[in-house]
Amino acid sequence: MLVFVLLGDRAGFAEELDGNAFFERRIRPVLIKHCYECHSAASAEIKGGLRVDSRDAIRKGGESGPAVVPGKVGASLLVKAVRRESFEMPPDIKLPDAVIADLVRWIELGAPDPRDHPPSAAEAAELSWNIVFEERKSWWSLQPPRDVSPPPTEDAGWSRDPVDRFVLAGLREAGLSPAPTADAATLARRLSFVLTGLPPTPDQFTDFVGRFRDDPDRAVATFTDELLASPHFGERIARHWMDVVRYGDTYGYEWDNPAKGAWRYRDYLIRAFNADVGFDQMVLEQLAGDLLASPRIDDESCRNESLVGTMFYHLGEHRHGDSLEFNGIHQEMIDNKINAFSKTFLATTVACARCHDHKLDAVAQRDYYALAGVFMTPRWTTRVVDTPQRTQNAIARLKTLRGEMHALLLERWKSAAAKFQDEITADIKDRHETWRKAFAAKETPSNEDPAYPGIRLETLEDDTQVAKLWGEMADAWRTARETRLADKAKKFNVVTDFSTPDLPAGWTMHGDGMRHGYVRDGTPLVALTGDAIVRRLLPRGYHTHALSSRLPGSLRTPRLQRLGASSMSVALAGREWSGHITLVENAFQAEKVFFLDRTEPQWQRFDMFMKYPDWRVRTEFATSDLNPNFPPRTGKTTVGDLVLPPRDLGDGKRSWFSITGVVTHEGNETPQDTLDGFATLYLGDPPQTRAEARRRIGDWLAGAVRRWADDTPQAGDVALINWLLAHDLLPNRIADDAALGRLVADYRAVEATLESARTVISMDERDIEPVSYRLNIRGNIDDLGDPVPRDFLQVFAGQHDVNKSPGSGRLELATFLIRPDHPLTARVYVNRVWGWVFGQGLVSTPNDFGRLGRPPSHPELLDYIARTFVIDGWSTKRLIRRLVLSHTFRQAGRVTDRARNVDPDNRLLGHYPTRRLEAEAIRDAMLAVSGRLDLTLFGPSIDPPRPKEDEAKRLFSGPVDGNGRRTIYTRITLMEPPKLLAVFNQPSPKISTGRRDVTNAPSQALTLLNDAFITGQAEYWGAALVRRPDDSIEQRIGAMFLTALGRPADDHEMRLWRDAVRDFAADPGLSERELLADTRAWTRIAHVLFNTKEFLYCR
Amino acid sequence: MRRKNSHNCTCPGRTAPVATRREFLGQASTGFGMLALASLMADRAYAGLSSSVRAPHHRPIAKNVIFLFMDGGPSHVDTFDPKPALKTHEGEKIGEGAVSKRSQSSAERVWLSSPWTFRQRGQSGLWVSDLFPNIAASADQLCVVRSLVGEQPLHGQQNLLLHTGRVIGAAPSLGSWVSYGLGTENRNLPGYVLLNNDWTPNGGWENFSSAFLPATHEATLLRAKGKPVDNIEPADAPALQRRKLDLLAAQDRRFAAKASDASAIESAIRNYETAFRMQYLVPKLADVSREPEHIRHMYGVDSANEFQKYYAVQCLRARRLIEAGVRFVEITCPQIDNNNSPWDQHGKLKVKHEENAMITEQSVAALIEDLRRRGLLDETIVLWAGEMGRTPHTPKVHADCGRDHHVDGYSIFLAGGGFKGGMAYGRTDEFGNVVVEHPLMIQDIHATILHLLGLDHEKLTYRFGGRDVSLTDVHGRVVTELLA
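Here the protein sequences line up with chains A and B, keeping their order. Start counting the first sequence at 802; every next residue gets the next number (my numbering). Start counting the second sequence at 6; every next residue gets the next number (my numbering).
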């Protein structure tokens, strides 16, 4: 039946619809949008037992009765609820009257409803989401910045820059006027703190004030350019950015393990801001620095800067262990990464969608897991950030020298071996002493030991038993060898025996130690210290120390389960904190970290986690500097009897490992030695006499040397030669060979020029199988939904190639973010910069541009500067220059009563606010004023002073004054953040901070009055002051004011502080000259000046 | 009706007690209460997030909390949850059925009996083991909960859950919420004091953090040894410091006139006066040397064991701080060796649990008894809790064996402040391996504590990140069964 309805009242025109169409157009969207969350199959908990997602359900109703009774408006609880007569539904808003009228009319029409079947939970959720999504994606911050023209100039003198024109228009509209221009002293101090975080020096002040008198505009511009060119500009801006990326030097939680390379990332930021690297480039580097086709290389320092940027991901708190031990660990970590990424670059709280679609923004739960796949695909591992240029010349030279030594050794040792038979067969009494020692009796000689035949023979009293013993040994050897060979063939599948340098499929290596670490059988390992020429000959395979133990190396397996067996055995050696680490789902602080302490490769078994096919498990072999979890927690840093001291953070180790074979197998047995070396010994008939037997042994050992020298070594020969070397049976002393001695000296000299590699935690996608992350239903890690394909937020669908990437999609993601028309990237960043300059962003919630954030105070201005910033090449320096040259910036802090009423939060920028300095600026200013400041840039972080150390957690105490270095170089330990800085609101490094708290608490006063750093700086300054050749107390007070407050003292202040000098003196009766030399008085004056609000605030 | 002030404390700075919102407002209207409290609120210097002075939502029963934090996880089956079945089945494999992600478990592990005898104590007959002979004597005061369920058997997460209601932390601690919710009764003292025994627990200082609440609600740390509080020792003699402050105030007032927001500067100036008084008040409160001999002895201040001695000092200080008007006092355990945390006995259960008990339990019992005798127990909630319990099983039974992490049914106790004494609530299975009756989450305990303090856990919120955030989030119910 057709029902005709007239809808003129709302639509403004007559529309004829049948009942179902009316339902579809007017009713269904309302139900989905406002009711489904609590009253459908998609609801976590059906409220009141009522569902409205099918015809039957809505008519049946819930606990209170039918929601809809066709034709009976009065009996339909739905109408009562939306009219808020009984229940008040929807709870958050009252529906518009027109919508209520539609519902009434629908019921009057008999509530036509085509919904025969209730939807599934997924269908209902999708329906519900689609409706809200369509609405939410029209949110202002998701639209590209508009091309706006600045309002016309009203006051040409004041508003030359378009920025001022926008601000002035806003003020005028509210009936307000800008504050007058600040005086020169205030501006000098303001510019200096905003741009460098340091107070102006008295010289800068005098200079500026002089120039300002002549030409204020030029004076401001010149001083600004000076400050922008200062290396301390980078330190200032980097610290702001470090709040956003949650910078810390450690990982907190239980052990506060070091965040490897964090300080290198801090230095990278300082360099990047100083060099004015475009923000677009910085986005690329921080998100995908490892994937750039042409990374940014600093030729002078031989550093791949782009690769350092990726440390961004690896900040924040890291839990130890992995999800196999305690499920939930990597899920919490990835949540931190998604949260930091989305707040930093998008000012959007994507992490809210871990458990459900975002309650207010256009972010679906699927978006969260699509991004989780992007970030979980790469390995989170350590990379060397040096370019090959840093080491290539030295490495080439070492190879040449080693080659020359090798050639000489071949000759020397071949001729030495020719004498073996004679040496060994001499009469027992005057027999060669070293041979005698080599065959000295052992209690249980191993049949794998090259000395075994010799030792056994030396036990014989005469020649009668020689043939018998020899026969027995030969038989035993043959049997053992055959069994072992058969075993080997049957039980072990050779993945590689390194007969070629190729790595098996899916294995990747990294670092010069690996790149130059492959050797053929019998390559000499040059001794770097001591009186020996070589340490030993290396068997074929990879040895990260083949040229130098300074070289880093790592070798990484594919997913272990892909190797297709329950066990893998690896022939491994290593020392000095090289080891292996097994990572389950990128385990962010893996605890499966073990270290090696042996020189000769031995087979070691690894479990392949076949019981856990769904977990991504991989093993990495690494020198200490390429182990992302080195050093691990203090209790785990042991091997055998060795313990890494807690204070040793593991830098600059001569760490190395060797790997000479990989097999897979079932069962727990590792491959056995197949006794190859003895093959040439037991050829032919047994000897009859001891002399003959000795000759045979001599010839056997000499044969190994001969074959090696002729470049035709057989299996086992290298082990025999190393045995000879270990027993001093081959010439290997520098003192005995001038030519080789010179080569060794050259080699050592070149090796000594190599520096330890610079490494950071970064990403690696080589040989990676991309993953899709499975949705956690309602955020429950044990309730897994379907895998969600890697992608970026739905709201940007179709605008990027993240979902088409053959890898993780990070590069495509970053590339999309820096598109000129991207609605968020530039806006979010310029808003941050605005906040750094003015104390408050145009959007006062810089980490949230969504519905939970505040709208921009000047939307058009925000768009205008975002667009011009992009057109101007994403230059931070030029953006800041523009802002600080504006008249808006130059305003005084004067507030009229009217402004206080109309605009209490100064959103309209009618004055420049007085702000307390940040913790860093307070500490730096004290150091600068006292004269203690050491302006050295860069380097490892310095421990803050602590009342008590905790070795187990590596919470060490540093110098009270931090060696005078700027605060940005203080180690930020998550577990116990630096106290002085925490008191003044340095933010917690666990989560991204867009805007710092500024609290005002008694603990700050206690700190300023009594803290050892502060009283120490007052003393330091006091001691310096009495050395000044001042003529009067006034002169000195004037100088102190200038240094500390950036202005002269006025007459009133002169009197006030002059009196205080006398009060503070050791003796009130001192003469003026004596007072000037009284350290005590000046220390106290200095201390009070440090406590003045004018010192602690910037206006 | 105004509650009687049973403290009779003449401590300087102490404000009159507050009972309900109405009384509070009445008092505030005289100007004194409001001023006193407002002076302690460390207001954020920028607008939009300023905190407001609060008062109870309903008539409170308790006014203070002392939280005895048993860091590391004391074993429930060795303290308050007797399990004779562990004796009869000792050494038997626990089997797949007993394996749980809420404990470090595997089927091959075996049941382990308790090395201590359980006895029924007091009038109530509450079971307490011989590990705690002194606490057992106060059994009739204890409200034991045996059915707490945590989220993950890991220290860091559970510590943060216990303190902040969330395993990820980054939220205010219980003590910060109480301080924020009620304000302090003494304008010269912080609302939340942490009596620390030289030990940073897992999860770090974040356990005691005010997070997004104003910084004044952060725990103020009082060390057991040495300087009790950072920077509390004046760097100058009082007269000199006074002179410095006067000079400073004169200079600062001139600056305030030039600043765009004079009120922030003025309140910073006022902070110096508070700080000045705190320098003398805090050490005085921390000094227990003039407490009567028998009290010092009862707490164990005279113990030859250094750890016990300092723990006793901290317990005695807790009472003094409560008397002086501090709302929330927390005491950490000392770390006696290089173990992960004090009560974390993966091995040497018997020796080390006894050592921890020796250090703490006499002082805990003394504190409860001392509060009771002074009539303070009625208005002071004592919370004794670790972040987890310990597995009733072990890999292998031997003399030095221990118990591992366990969060499915662990025990805590509450005393005083409106909790019903001499009772045990909730039940674990015959092995103490899983909760079978009345499971509770720590948020339920939080809600109940707030309730007794006159605060509604759903209404005690703070607007942060665009949301009204509460301690209990979407969890928590007031467990009326525990109330007297």
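Treat the hints with care, since some could be wrong.
From chain B, some residues computed to sit far from chain A (all C-beta separations above 12 Å) [said to hold, decoys possible]:
no.	residue
1	D145
2	R248
3	Q284
4	E296
5	R472
Restraint-style ranges between C-beta atoms, simulated for each label pair [to be verified]:
no.	chain 1	residue 1	chain 2	residue 2	range
6	A	P1590	B	S111	34 to 40 Å
7	A	D1018	B	A244	50 to 56 Å
8	B	G102	A	Q1515	57 to 63 Å
9	B	V474	A	E1392	54 to 60 Å
10	B	V474	A	R1019	47 to 53 Å
11	A	N1764	B	K232	22 to 28 Å
12	A	G1759	B	D383	57 to 63 Å
Derived by calculation from the structure, the hints in this document are not laboratory data. Remember, predicted model here, so these are calculated numbers, not experimental data. We put the beta carbon where it would ideally sit given N, CA and C, even for glycine.
Notebook entry, point to check: Is it correct that the beta-carbon of D145 of chain B has no partner in chain A closer than or equal to 12 Å?
Noted result: 38 Å, holds
Check: Between P1590 of chain A and S111 of chain B, does the C-beta distance stay in 34 to 40 Å?
Finding: Once the Cβ atoms are compared, 36 Å apart, the range 34 to 40 Å for S111 of chain B and P1590 of chain A holds.
Checklist line | Status of the stated non-contact between R472 of chain B and chain A (beta carbon gap over 12 Å) | finding: 7 Å, violated
Note to self: Please check whether G1759 of chain A and D383 of chain B have a Cβ separation lying inside 57 to 63 Å.
What the structure shows: Check failed, 48 Å falls outside 57 to 63 Å.
Item checked: Outcome for the supplied range 47 to 53 Å, where the beta carbon pair is V474 of chain B and R1019 of chain A -> 51 Å, holds
Check: Holds or violated: 22 to 28 Å for the Cβ distance of N1764 of chain A and K232 of chain B?
Finding: 24 Å, holds
Checklist line | Assertion that E296 of chain B lies outside the chain A interface [Cβ separation over 12 Å] | finding: E296 of chain B is indeed farther than 12 Å from all Cβ atoms of chain A, at 26 Å.
Next item on the list: Starting from the hint 50 to 56 Å, judge whether the C-beta atoms of D1018 of chain A and A244 of chain B obey it.
Entry: 51 Å, holds
Margin query: Given a hint of 54 to 60 Å, does the C-beta separation of V474 of chain B and E1392 of chain A actually sit inside it?
Written below: 33 Å, violated
Check: Going by Cβ atoms, does Q284 of chain B stay more than 12 Å from chain A at every point?
Finding: Given that some Cβ of chain A is not farther than 12 Å from that of Q284 of chain B, nearest at about 7 Å, it is violated.
Next item on the list: Given the hint of 57 to 63 Å, check if G102 of chain B and Q1515 of chain A actually sit that far apart at their C-beta atoms.
Entry: For G102 of chain B and Q1515 of chain A the Cβ distance comes to about 59 Å; the hint holds.
Checklist line | Assertion that R248 of chain B lies farther than 12 Å from chain A (Cβ) | finding: 6 Å, violated
The structure is inconsistent with the numbered hints 2, 3, 5, 9 and 12, although it conforms to all the rest.
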